[in-house]
Amino acid sequence: MATRQTQFLARSLLTPAVGLLFIWMIVPLALTLYFSTLHYSLLDPGSEAFIGLENFRYFLTDPAFLASLQNTLVLVGSVLALTILLGIPLALLLDQPVVGRNFVRLMVIAPFFVMPTVSALVWKNLLMHPVSGLFAWLAKLVGLTPVDWFNDVPLFSVILIVAWQWLPFATLILLTALQSLDEEQKEAAEMDGASAVSTFIYITLPHLARPITVVILIETIFLLTVFAEIYVTTGGGPGLSTTNIAFLIYSQALIQFDVGSASAGGLVAVVLANIVAFFLVRIVGRNLEA
Amino acid sequence: MGQITLQGVQKSFGPVHIIKGADLDIADGSFVVFVGPSGCGKTTLLRLIAGLEDVSGGKILIDGKNVVDTPPAKRGLSMVFQSYALYPHMSVRGNIGFGLKMAGLAKDEINRKVEAAAATLNLTPYLDRKPRELSGGQRQRVAIGRAIVREPKAFLFDEPLSNLDAALRVQMRIEVTRLQKQLGTTAIYVTHDQVEAMTMADKIVVLNGGKIEQYGSPLELYERPANLFVAGFIGSPKMNFVTGEHALQRGAATIGVRPEHLKIERDGAGGWQGTISVAEHLGSDTFLYVDAGPLGMLTARYIGELSLHAGDRVSLVPDPARIHRFDERGNALQG
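In order, the protein sequences belong to chains Y and Z.
Here the first sequence is numbered in the numbering used here, starting from 318 and rising by one per residue.
Here the second sequence is numbered in the numbering used here, starting from 19 and rising by one per residue.
Keep in mind the hints are simulated off the structure, nothing from the lab.
Certain hints may be false.
[Unchecked claim] Calculated pairs, PhoX-like style, for lysine-lysine (alpha carbon to alpha carbon, straight line, at most 20 Å):
| id | chain 1 | residue 1 | chain 2 | residue 2 |
| --- | --- | --- | --- | --- |
| 1 | Z | Lys-229 | Z | Lys-77 |
| 2 | Z | Lys-119 | Z | Lys-131 |
| 3 | Z | Lys-131 | Z | Lys-171 |
| 4 | Z | Lys-148 | Y | Lys-503 |
| 5 | Z | Lys-119 | Z | Lys-171 |
| 6 | Z | Lys-77 | Y | Lys-503 |
| 7 | Y | Lys-503 | Z | Lys-92 |
| 8 | Z | Lys-171 | Z | Lys-148 |
| 9 | Z | Lys-281 | Z | Lys-256 |
Can you make the complete structure from the sequences, with help from the hints?
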């Protein structure tokens with residue numbers, strides 16, 4: 318198909334885009350690498366000096382690092398669990414023929430369109446506020462003491478907000494998968510005497526295995542870098558209780574003004590993300606082949 | 019036992035009547051084929067019997083018991099679907115044994131039954147494979163295995179061979195027929211292919227527009243079609259219909275003659291004159307499509323080779339004993 322001419326044409330037309338992308342990615346990476354080997358504090362300009370791997374040692378031995386790594390994992394894991402465990406029943410519900418199904422579907426998908434900062438603000442001030450929030454009002458209505466969400470259960474609150482944002486995504490992917498389930502397979506199971514529960518366990522759930530993997534992989538990529546929700550609601554606190562890796566790097570650079578250490582942290586995050594990506598690409602790739 | 023009786027079974031989807039009252043008696047152990055053109059309601063009728071659709075009226079009796087309110091699994095029937103509907107993530111063993119597992123049988127009993135069914139269908143080497151690793155014919159056999167392992171009162175087949183290529187279809191046709199005779203289980207088989215119907219059935223139900231046009235053995239339908247529809251549907255190539263003067267001479271509105279009952283004469287003066295427009299030479303048969311002027315296009319079949327070609331003039335003489343006569347409403351006239 319491709320003659321030498323069309324190959325040349327294709328390559329020369331692609332070159333600007335590829336080149337631009339390459340520069341776009343390589344310049345920040347190179348700069349980060351360079352900064353990570355410097356003593357570079359914004360509070361002490363002009364004192365930049367090469368210090369080898371000292372920044373990495375400082376970042377990795379910082380007690381905040383382990384705490385934030387743990388927070389990151391808890392956040393990713395909990396949001397994944399919540400979105401999938403709630404997404405499956407929601408998708409099953411939305412798959413039922415009900416009046417106004419299209420409208421309901423649109424409404425369910427809506428949270429995904431709301432900016433993270435906006436939804437975090439809405440949750441913080443309208444829903445979870447201990448004095449004027451809706452949850453506090455509801456608690457008082459039934460005679461309970463309102464929960465001070467961001468002080469008492471800060472990480473859980475952040476998890477709730479992020480899970481609310483990602484639930485539509487999981488629901489949507491699972492719903493499309495449910496719709497592709499062969500109707501005759503369900504009827505065959507019905508003829509075989511399977512109850513609704515058995516049909517779900519033996520037919521529907523195995524059918525959903527692949528979309529669930531896809532949801533896990535894609536959500537993981539984005540959940541590793543959750544930032545806006547934490548920045549808007551808790552600012553990483555109280556203490557370090559809601560600081561994840563992304564927020565820790567931000568605080569190194571723009572609260573402690575230590576660019577060198579933040580760069581080192583950024584590179585650590587890149588390595589962590591790559592470890593995840595390695596598994597992601599392998600599993601997704603295998604699923605797409607089969 | 020698997021005697022199935024339909025009494026005035028009706029089905030409508032909203033204002034659309036799909037089945038307009040079907041009465042049918044299916045004897046235990048017989049092989050009954052529902053045949054008809056697309057949209058005639060044959061699959062719907064099968065799904066009503068299976069219980070995958072609810073009837074809008076009438077009764078379905080299995081061994082004398084009305085089952086219209088019984089869920090599908092409790093009717094003691096098993097079904098082979100057009101798409102096979104195998105469970106893709108289960109092995110062949112899991113697929114065949116699923117119904118038994120749902121019925122709560124012990125594991126070793128399931129294994130024993132599955133292996134017996136697999137042996138009947140030559141599936142033993144494939145028991146631990148997944149459906150996607152099997153060929154079309156093997157998948158078909160797994161679907162049949164899933165049906166026979168439950169030892170049902172009757173098998174329901176929904177166009178099971180339509181996804182196979184022609185050669186495999188002939189082979190599976192024979193296998194299914196033989197298996198049914200061997201097991202002696204009642205079978206209801208839906209197809210739009212009248213060759214399948216003629217070759218497999220003990221009795222054929224011809225459906226058209228939601229009505230049963232005729233119910234009888236294949237040869238009854240061939241020799242004594244009840245009306246124009248059955249006459250035209252059964253037999254390949256189709257029966258020739260002639261209206262007008264020739265029909266009136268025999269006291270009918272329409273007369274029908276099958277292509278194999280037309281004698282072909284090269285220069286005959288009698289019979290129906292015409293010019294060959296297409297001649298098909300198959301070696302074993304010769305099909306002539308003859309433009310017979312006011313009579314329209316006629317098809318004639320000759321067993322063996324006949325060296326006639328397009329443009330030749332022929333005369334076609336119908337076998338007087340094999341002329342079917344129909345009245346104005348399309349119903350067959352006796353005698």
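Holds or violated: are the alpha carbons of Lys-229 of chain Z and Lys-77 of chain Z at most 20 Å from each other? Cα-Cα ~16 Å, so holds.
Take a quick look at whether Lys-148 of chain Z and Lys-503 of chain Y sit within 20 Å of each other, Cα to Cα. holds, 18 Å
Just to be careful, I want the Cα atoms of Lys-119 of chain Z and Lys-171 of chain Z compared with a cutoff of 20 Å; is the pair within it? holds, 19 Å
Between the alpha carbons of Lys-281 of chain Z and Lys-256 of chain Z, is the straight-line distance 20 Å or under? With Cα atoms ~16 Å apart, Lys-281 of chain Z and Lys-256 of chain Z stay inside 20 Å; holds.
Hint consistency between Lys-503 of chain Y and Lys-92 of chain Z [alpha-carbon to alpha-carbon, up to 20 Å]: Distance of about 16 Å is within 20 Å: holds.
CA of Lys-171 of chain Z to CA of Lys-148 of chain Z, is that 20 Å or under? violated, 28 Å
Need the status of pair Lys-119 of chain Z, Lys-131 of chain Z: alpha-carbon distance at most 20 Å? Within the cut-off at roughly 11 Å; holds.
Would you check the hint for Lys-131 of chain Z and Lys-171 of chain Z, treating anything up to 20 Å between C-alpha atoms as holding? holds, 17 Å
Distance restraint between Lys-77 of chain Z and Lys-503 of chain Y, which requires alpha-carbon spacing of 20 Å or less: violated, 25 Å
Hint compliance for this structure: hints 6 and 8 are not met, and every other hint is.
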